[in-house]
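*Asks:* Fit chain Z to the known structure of chain A by using the hints.
Protein sequence lines correspond, in order, to chains A and Z. Sequential numbering from 5 applies to the first sequence in this note's numbering. Sequential numbering from 5 applies to the second sequence in this note's numbering.
Heads up, a few of these hints could be off.
Since the list gives no way to pick one copy over another, a pair counts as held whenever it fits inside one copy or between any two copies.
Computed list of lysine to any residue pairs in SDA-like fashion (alpha-carbon distance at most 25 Å, straight line) [unchecked claim]: (1) K326 with A29; (2) K326 with H316; (3) K326 with V276; (4) K80 with F30; (5) K326 with D27; (6) K326 with S24; (7) K80 with Y53; (8) K180 with V207; (9) K331 with D28; (10) K177 with A102; (11) K180 with A330; (12) K254 with D108; (13) K38 with H98; (14) K326 with R251; (15) K326 with Q25; (16) K254 with A106; (17) K180 with V230.
Read the hints as simulated data drawn from the structure, not as lab findings. Computed from a predicted structure; not experimentally measured.
This is what each chain is made of:
Number of protein chains: 2
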Amino acid sequence: MTDATYDVVALGNAIVDVLSQADDAFLETHALSKGTMTLIDPPTAEQLYGAMGPGVEVSGGSAANTVAGLASFGGKAAFIGKVRDDQLGDVFRHDIRAAGVAFDTPPANDGASTARCLILVTPDAQRTMQTFLGACIELGPEDVDEDLIKKSQVTYLEGYLWDPPRAKEAFVKASKIAGDAGRKVSLSLSDPFCVDRHRAEFVDLVNNHVDILFANEDEIMSLYEVSDFDDALQHVKNHCEIAALTRSEKGSVVIRGDEVHVLDAEPVSQIVDSTGAGDSYAAGFLYGYTHGHDLRTCGRLGGAAAAEIISHFGARPEHPLKDLLAKIVN
Amino acid sequence: MTDATYDVVALGNAIVDVLSQADDAFLETHALSKGTMTLIDPPTAEQLYGAMGPGVEVSGGSAANTVAGLASFGGKAAFIGKVRDDQLGDVFRHDIRAAGVAFDTPPANDGASTARCLILVTPDAQRTMQTFLGACIELGPEDVDEDLIKKSQVTYLEGYLWDPPRAKEAFVKASKIAGDAGRKVSLSLSDPFCVDRHRAEFVDLVNNHVDILFANEDEIMSLYEVSDFDDALQHVKNHCEIAALTRSEKGSVVIRGDEVHVLDAEPVSQIVDSTGAGDSYAAGFLYGYTHGHDLRTCGRLGGAAAAEIISHFGARPEHPLKDLLAKIVN
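Bound conformation, chain A alone (with noise of 0.2 Å):
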């Protein structure tokens, strides 16, 4: 695989993310559903933003934030995702650029705005996410560059890209690319409310396309519709190359045919906000699958990179991701 420019590509939504302290209290008076991701329309955007306290602008974006923190660790990482041409969009273009991701698609010249995500942190550092689309829906197979997804070892798709109508063209079209060229294709279900919403279309998607598999523990038993972590695991070994199941403060569980790794979290000085704890998972296990570490490695890497992730406020990594590599490999 070192024929490859890109270690992952990333095809995701592109949302800055709005962060605002809030208590139980402010959850149940808007009704919201504790550590869950919903999408909202405009008015309701307005209406909640409106309601909220002071916040914070951070870009984020669950398949941003895996590409950024890949890029942290060192590794080569593009991204494919639609802002709109307005200062939230250049904020998002800004960002990820910096952060050492390639990022060429280009904005929408009108329609919705910049995707937005109002965050609220409980302190119990639980996030609870109202996602406005925005822009995002009008991703399509036209921004997949072919000669990009041919060029990454790994091409990885978030499954809250199932939302936006014309985004799923755009998913399949970068698998089949990345399939043909005898690329991996890696996806993380994202959500259980948004496995409830695309079940079918997801389990056909890990049957078919899939080679590394990344979901929580919510997420694998609501996609095979058990009540059972282990029921749950005995399903998606026979349907992927690899599944990464992460199970918050109880580790993580790594999967390949019958080489099965039960990891412990790694620790953890204070949680004070768990948003991007999943995103960051994916981006340490990528980076140490794009750079021939075994499963276990993998796994230890993306649990360091959590534990960082949840130390502090926002989903993108304060301290550079590399610095954990000396502590996991060797």
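*Replies:* The following block gives chain Z in isolation, referenced to the frame of chain A:
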């Protein structure tokens, strides 16, 4: 003064900060003078932003930070300043209102975009600021709501407001209304280079209009063109009713005629980012002043607020400043 609706109304530049970590080499490469604020034009802003690392957007502006801090103490505050009707203008308006501050200055509908301050935070927690004033230059006397000034115990002005051309007319208009109504006028000198740019006007202002002056060591020495803090102190005590002079880790000195209080800095667990230290000192001081506390208590409240702000990234409080009251008052 119990007939007042607001404790403080502030006039200032309405700015969104873009905070980014940088090392000393970056400052050298871009010929930036550490710890100061420089005004930059749009092409320079574009170029510097392109070279900066990933950023975090958060509402700022010196006087705006002060009134947000005052509201966090439980005080009643209002703000006058100019944004454009763009995304960052919406962010500024949302954040200051969500902080509990009344803000009704109409946005500019054309011209330059909402002001941005590119803030580079070095590992020594110093901040180096490059400001593109944008829509702030549209602030003029027509934006000064006479009734609002009359209804406020203190009208607070930031020295930085002397830079945009028409804002100074707003400044003078507000001072006169406040003075005629028997209200107090307060000024923060903002920055030694800002004092350099406008020294004669500032001296005149301090002598004739200002009741409560805020300055740090460098600023007050620059105002009187002396090289010794004690010399500056002798000058200022004859020229305005109260002067609160901040000295970083050496605490502050508060003077009213022959009444002099030398206050130690409040303890701080860690210094992460000094952005907003002076702004929040003024917040604590003015909260104390408008709530009938003695000068010593006012200075201690200022020091405690500054200690909270420098312990984290960003210039507005992360925890309610009113929690500090119990430690300082009584």
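*Asks:* Looking at the structure, which of the earlier hints fail to hold?
*Replies:* Violated hints: 9, 10, 11, 12, 16, 17; rest satisfied.
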